[in-house]
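For the sequence shown, my numbering assigns the number 188 to the last residue and increments by one with no breaks.
Do not take every clue at face value.
Each computed DMTMM-like pair below joins lysine to aspartate or glutamate, with the alpha-carbon atoms no more than 25 Å apart [what the hints assert, rightly or not]:
1) Lys151 with Glu172
2) Lys120 with Asp181
3) Lys120 with Asp104
4) Lys75 with Asp104
5) Lys175 with Glu93
6) Lys90 with Asp174
7) Lys120 with Glu93
8) Lys90 with Asp104
9) Lys175 with Glu138
10) Lys151 with Glu139
11) Lys151 with Glu138
12) Lys120 with Glu138
13) Lys151 with Asp174
It should be emphasised that the hints constitute simulated quantities derived from the structure, not laboratory data. The structure presented is a predicted model; accordingly, all values stated were derived computationally and were not measured.
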Amino acid sequence: MKNEKEKKNITKSVKVSQNQYDIIMQKASEKHMNFSKYVVDCAVHGNNVITPQIAVKVQEIANTALDLADRLSYEEYDAKDRLYQQSKELNDLFHVDSPLENYAKMIKEIDKIVEGADSLWVYLK
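Using the sequences and the accompanying hints, generate a full structural model.
What follows is the structure in structure tokens.
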């Protein structure tokens with residue numbers, strides 16, 4: 064159940080041109096969001112590179128890679144060890160005491176996260 068402060072109980076309308084609407088809808092679609100979620104996300108998070116939704120997806124990638132590493136056999140030890148290390152390094156960027164601290168840490172460590180995710184993605188291909 065949502066915290067009382069997080070419940071959405073205010074409705075606002077916005078006037079935009081057709082061109083603005085098309086741009087917003089295109090960008091919202093790229094982030095798999097609807098109009099309302101995208102506009103609120105932009106307003107709340109501004110130009111932050113990592114939104115909470117992105118943070119969740121990156122952590123899911125790290126967790127999936129850790130799970131894959133656990134499933135590799137002993138014969139594939141080198142691959143298993145390398146995948147595990149890359150996944151662990153990425154996953155370690157997420158573990159802090161609270162979601163707010165986690166988010167702040169992710170913004171601070173964005174370069175490491177992007178580098179780690181890219182490296183992990185290349186390895187998984």
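### Message
Given the hinted pair lysine 120 and aspartate 181, is their Cα-Cα distance within 25 Å?
### Response
OK: lysine 120 and aspartate 181 at ~14 Å, within 25 Å.
#### Entry: Pair hint outcome, lysine 120 versus glutamate 93 [Cα-Cα no greater than 25 Å]
holds, 14 Å
#### Entry: Restraint status (C-alpha distance of lysine 151 to glutamate 139 at most 25 Å)
Between lysine 151 and glutamate 139 the Cα gap is close to 18 Å, so the pair holds against 25 Å.
### Message
Would the hint linking lysine 120 and glutamate 138 be met if the CA-CA limit is 25 Å?
### Response
Violated, at roughly 30 Å.
### Task
Starting from lysine 151, check that the Cα of glutamate 138 is at most 25 Å away, please.
Holds, at about 21 Å.
### Task
Take a quick look at whether lysine 175 and glutamate 93 sit within 25 Å of each other, Cα to Cα.
holds, 24 Å
### Message
So if I understand the rule, the pair passes when the alpha-carbon distance is 25 Å or less; does lysine 175 with glutamate 138 pass?
### Response
Violated: lysine 175 and glutamate 138 sit about 30 Å apart, past 25 Å.
### Query
Do the alpha carbons of lysine 90 and aspartate 174 lie within 25 Å of each other, as the hint requires?
With a Cα-Cα distance of about 23 Å, the restraint between lysine 90 and aspartate 174 holds, given a limit of 25 Å.
### 25 Å limit on alpha-carbon distance, applied to hinted pair lysine 151 and aspartate 174
Holds, at about 16 Å.
### Query
Is the Cα-Cα distance between lysine 75 and aspartate 104 25 Å or less?
OK: lysine 75 and aspartate 104 at ~15 Å, within 25 Å.
### Holds or violated: lysine 151 to glutamate 172, with C-alpha atoms at most 25 Å apart
holds, 15 Å
### Query
Do the alpha carbons of lysine 120 and aspartate 104 lie within 25 Å of each other, as the hint requires?
OK: lysine 120 and aspartate 104 at ~16 Å, within 25 Å.
Checked against the numbered hints given earlier, the structure breaks hints 9 and 12 and satisfies all the rest.
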